[in-house]
Amino acid sequence: MTYYIFTLVFFLFDYFILAMGLNIQYGITGILNFAYIGFVAVGAYVTGVAAMPANTVGQHYILGLGLPFPFNLLLGGFAAMGLSVLIALITLRRLRTDYLAIVLVSLSLVFYDFCNNYVSLFNGADGLYNVPEPFAKTLGLGSNNFIVFFACLTGVVSLIMWFVMSRVMRAPLGRTFRAVRDDAVTAAALGKNTFWMQMKAMMIGSFFAGIGGGLLIQFGGSFNPTAWLPAETFVVFAVLIVGGAGNNIGMFVGALLVETLLIHLPAFLPEIPGHPGLIEYIDTVIVGVVLMVMLWFRPQGIVPARLRKTASFGVDERLDEEAGELDRTTALAGVGTRAEATR
Amino acid sequence: MTLLWLSVGFGLVTTSVLALAALGLSLQFGITNYINFAYGDFMALGGFFTYFLNNEALHLNIWLSMAIATVAMGFFGVLINRLLLGPFARRFTSSHYVLIVTFGLSLIMLNVIYSIWGADVRFYSLPPGSALHIGPLLLTTSQLIVMGIAVVLVGAVHTILQTTRLGKSMRAMSDNGTLAMTSGIDTRMVTTVTWFMSGALAGVAGAVLGVSEGNLTPAAGELFLFVIFAAVILGGIGSIYGALAGAVVIGMSTEISAAFINPAYKLDIAFVALILTLLIRPNGLIARPGMT
Amino acid sequence: MSVADPTTTIDATLAATAALRCEGLVKAFQGVHAVNGAAFDVPAGQITALIGPNGAGKTTVVNMLSGAMKADRGRVFLGETEITGWPSHRIAQHGLLRTFQLSRELGGLTVLENLLTAAPNQAGDSFLNALLRPGLIRRQERENAERALHLLAVYGLYRHRDTPARELSGGQKKLLEIARAVMGQPKVLLLDEPMAGVNPALIDVLGGYILDLKKDGVTVLMIEHNLGVVERICDYVIVLAEGKTLATGRLSELRQNTEVVKAYLGEVMDASATH
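Protein chains in written order, with the numbering used here: chain A, 1 to 343; chain B, 1 to 292; chain C, 1 to 275.
Some clues are possibly wrong.
Stated by the list, open to error - Only part of the chain A face toward chain C is listed, based on derived beta-carbon distances under 7 Å: (1) Leu173; (2) Arg175; (3) Ala189; (4) Gly191; (5) Asn193; (6) Glu271; (7) Val303; (8) Arg306; (9) Leu307.
Said to hold, decoys possible - Here are the in silico distance ranges between beta carbons for each label pair: (10) Gly135/C to Ala125/A: 43 to 53 Å; (11) Phe75/B to Gly37/C: 51 to 61 Å; (12) His59/B to Pro273/A: 22 to 32 Å; (13) Asn199/C to Phe297/A: 30 to 40 Å; (14) Glu146/C to Ser94/B: 49 to 59 Å; (15) Asn215/B to Asn130/A: 30 to 40 Å; (16) Trp196/A to Gln101/C: 46 to 56 Å; (17) Arg165/B to Pro273/A: 51 to 61 Å; (18) Cys152/A to Lys70/C: 48 to 58 Å; (19) Arg165/B to Val32/C: 51 to 61 Å; (20) His59/B to Gly82/A: 31 to 41 Å; (21) Asp126/A to Asp120/B: 18 to 28 Å.
Please keep in mind that the hints were generated in silico from the structure rather than gathered at the bench. All values derive from a computational prediction rather than experimental measurement. Backbone N, C-alpha and C define an ideal beta-carbon position, used for all residues, glycine too.
Let the sequences and hints guide you as you build the complete structure.
Structure, rendered in structure tokens:
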């Protein structure tokens with residue numbers, strides 16, 4: 001029972017991190033990253049091979065640094081970030097939205113194909129397994145205790161990540177990202193280097209993807225291509241859209257509803273005899289349907305992005321009277337908001 | 001040398017499959033102006049419906065099963081547009097939403113196929129045929145029929161586009177949707193017919209992919225999708241004839257390269273072509289947008 | 001067709017103090033020349049109108065000056081600095097800001113945020129500052145917000161400071177467009193038809209704002225069809241026709257210029273009369 005609950009807790013926090021990463025890319029900056037799961041995979045693999053010893057019987061992989069946690073995790077995050085720089089250099093130039101989406105989907109398919117076939121990279125289709133569990137030996141944790149410990153550790157990591165993301169989103173940088181999303185031409189005319197801004201969003205988001213992936217492999221001790229089929233990206237999109245694009249709290253709510261309740265809770269149901277995997281298949285169909293229903297009826301999500309009000313800038317709003325006077329001049333000129341006109 | 005000719009034969013078959021698939025994707029893109037990321041799963045569904053008729057329900061001949069599945073997938077395409085994609089595309093100005101919906105549709109369709117048919121590899125029952133020598137090429141009867149299907153269907157679409165009123169309307173809409181609407185073209189009708197053609201072509205492409213690969217898996221369509229993307233982008237997205245040319249280039253080069261490099265990486269050839277095209281001329285190497 | 005030599009009509013002293021200068025600008029779209037050798041000086045600290053019949057290439061010229069489009073040929077100078085081929089964000093950072101003919105608000109941002117986006121030299125656009133120096137950012141944000149609120153008060157948008165920009169009316173979006181560019185502290189401001197589609201009462205208000213900008217030392221180049229407006233607020237006029245500079249000078253001088261110019265001005269006047 002403890003094992004079940006803390007597995008759910010782990011996935012809640014991990015997908016909270018993953019969703020925040022996609023949120024800065026898609027929800028805030030408007031980059032439709034359909035290859036997101038590829039960055040998660042890079043983070044997972046690199047975290048794994050960074051922690052594993054130079055040689056393991058029966059497995060082939062690069063690096064094998066034997067790094068302790070959290071250094072291997074950070075390496076995983078930076079590896080995902082490095083990949084995103086390469087990909088952004090190819091894709092962010094002059095590509096319209098659907099071209100970008102095509103290229104990113106293709107990239108994740110090819111990268112998938114490559115990891116599957118090129119055994120000496122990350123042990124091919126078998127993937128990595130027996131990845132050392134962080135602190136398990138030093139703290140003398142059994143496998144059940146490790147689950148509890150690591151779920152809590154992931155909670156701490158997600159809090160740190162949330163803090164970082166809140167700083168970014170609240171800073172002018174976050175506003176500039178949103179400006180680029182709303183209209184890149186205008187943002188450029190106002191002096192914003194839109195390419196570099198999108199690159200930054202890609203890098204920050206991919207770092208989050210890499211950390212989320214690294215935690216995945218550390219939690220389960222293994223990672224192979226079946227864990228990151230390109231369609232998995234869609235699950236993160238579902239978390240984002242159900243929760244509410246643009247809002248970090250929404251990412252947590254989305255992770256809770258979609259990842260924890262919709263995807264992982266049914267995984268504990270017993271298999272239907274004679275139909276291996278049927279529950280999982282039906283479950284995935286339900287996730288897809290939920291997302292579409294959500295997009296249609298409540299595209300802003302359960303926790304919509306909030307507007308940043310003047311008061312939050314710490315300014316004195318005593319201009320009110322003076323401004324009221326001036327506003328009347330324009331009122332004379334017959335300008336009113338659309339809402340006022342229709343009233 | 002024999003190996004080379006053998007791979008040319010494979011190349012022709014792959015080109016045929018790819019041409020059918022790329023044609024369907026391009027037609028639909030030209031009219032609706034967004035990419036259908038579930039297209040690979042349309043193919044898979046076509047392939048499995050063919051399998052259903054061929055091996056499970058009526059034990060029909062493979063080619064007859066394929067014909068029925070093709071028509072059924074045509075109606076499926078119309079249905080999906082009417083009930084799902086069309087409403088989303090009309091409601092939201094940003095194309096993000098409909099792209100995410102097609103991505104989700106892809107996941108739903110894939111898992112529906114898994115739920116019904118499971119993850120096992122399936123095989124069609126093909127009528128026994130012999131390998132034929134045609135010039136230096138060595139092809140089976142089924143492979144020849146696949147090529148024949150591609151030639152006939154591509155020819156039919158070409159004839160429709162070039163000679164019929166409907167085809168002219170389709171080309172006009174693809175060039176400029178708004179203008180077409182104001183000039184009295186029944187855009188709703190054209191859209192419906194296009195979705196029918198696109199769905200049918202996906203269905204037949206999925207089935208012939210199963211024939212040419214020798215087996216059938218639910219994820220095969222999805223993995224094939226980016227080879228289609230490579231062909232379509234190489235040819236210039238939305239351009240029918242560009243897509244066909246792209247299909248020839250990608251189909252031949254992936255198969256012929258497999259004679260020289262590890263065949264496991266033949267897909268990466270398509271990918272390199274895709275990336276190079278995007279870097280050099282993102283609007284396509286072969287043709288300009290529009291169905292001309 | 002005889003064309004007036006642009007250099008003869010503008011004072012030599014003005015040429016020396018040009019805030020913005022372009023030479024031999026050429027831009028072709030699919031073989032058709034939209035701009036074909038446009039060349040002019042925009043005198044510093046003055047309001048200059050860019051006029052000409054439809055299809056003269058006015059917007060294309062503004063797009064090339066602001067970096068939104070790359071010129072096929074020709075050079076552009078901002079003060080002493082050659083900015084030919086610079087991307088638009090770099091040009092904006094060097095003090096040349098512009099507005100668009102059709103307002104391009106950042107719809108998901110509030111009116112105040114629209115202005116804040118334009119504030120120059122923001123430390124908070126850097127990731128490391130965002131992460132490590134919240135105090136610096138808070139201070140800068142407060143200063144920028146205060147300036148932005150003053151501007152919003154001046155432009156009559158103060159009440160709507162927390163409204164998402166997409167909910168503004170057409171006229172308010174025009175005001176926002178200008179206020180936002182002013183927030184960027186322009187040395188040179190390019191206005192692409194600021195009065196188009198605006199009701200007559202607001203035209204006067206906008207004209208007043210533009211004159212105020214001049215008082216603050218901003219050089220203004222505006223595309224304008226309404227010759228009444230040009231007469232009231234503009235110091236100089238540049239006439240563009242078929243992608244070339246036809247003439248430059250004061251409107252009064254141009255009125256007495258060659259028959260060709262008269263013909264163009266006549267056409268422009270007719271066009272503005274029908275609006």
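Hint check:
1. For Leu173/A, the shortest C-beta to C-beta distance to chain C is roughly 5 Å, which falls under 7 Å, so the interface hint holds.
2. Taken as an interface hint, Arg175/A checks out: its beta carbon lies about 6 Å from the nearest beta carbon of chain C, inside 7 Å.
3. Checking Ala189/A against chain C: minimum C-beta separation of about 6 Å stays under 7 Å; hint holds.
4. Among the interface hints, the one on Gly191/A holds; its C-beta lies about 4 Å from the nearest C-beta in chain C, closer than the 7 Å criterion.
5. The criterion of a C-beta within 7 Å of any C-beta in chain C is met by Asn193/A, whose closest approach is roughly 5 Å, and the hint holds.
6. For Glu271/A, the shortest C-beta to C-beta distance to chain C is roughly 46 Å, which exceeds 7 Å, and the interface hint is violated.
7. A hinted interface residue such as Val303/A counts as satisfied when its beta carbon comes closer than 7 Å to some beta carbon of chain C; here the least separation is about 16 Å, so the hint is violated.
8. Hint status for Arg306/A relative to chain C: violated, with the closest Cβ pair at about 11 Å, above 7 Å.
9. With a least beta-carbon distance of about 5 Å to chain C, the hint placing Leu307/A at the interface is held under the 7 Å criterion.
10. At about 52 Å, the beta-carbon gap between Gly135/C and Ala125/A stays in the expected band of 43 to 53 Å.
11. At roughly 59 Å, the beta-carbon separation of Phe75/B and Gly37/C lies within the given 51 to 61 Å, and the hint holds.
12. Under the hint 22 to 32 Å, the C-beta atoms of His59/B and Pro273/A, about 28 Å apart, fit the expected range.
13. Evaluation of the 30 to 40 Å hint for Asn199/C and Phe297/A yields a pass: the beta carbon distance comes to about 39 Å.
14. At roughly 34 Å, the beta-carbon separation of Glu146/C and Ser94/B lies outside the given 49 to 59 Å, and the hint is violated.
15. Taking 30 to 40 Å as the suggested C-beta distance range, the pair Asn215/B and Asn130/A conforms, at roughly 33 Å.
16. Range check, Trp196/A to Gln101/C: about 27 Å between beta-carbon atoms, so the 46 to 56 Å window is missed.
17. Restraint check, Arg165/B to Pro273/A: a C-beta distance of roughly 57 Å satisfies the suggested window 51 to 61 Å.
18. Between Cys152/A and Lys70/C, the C-beta spacing of about 55 Å keeps the proposed range 48 to 58 Å intact.
19. As the Cβ distance of Arg165/B to Val32/C is approximately 32 Å, the hint placing it in 51 to 61 Å is violated.
20. For His59/B and Gly82/A, the Cβ-Cβ distance of about 55 Å falls outside the hinted range of 31 to 41 Å, so the restraint is violated.
21. Between Asp126/A and Asp120/B the beta carbon distance is about 20 Å. The supplied range of 18 to 28 Å therefore holds.
Taken one by one, the earlier hints fail for this structure at numbers 6, 7, 8, 14, 16, 19, 20, listed in ascending order.
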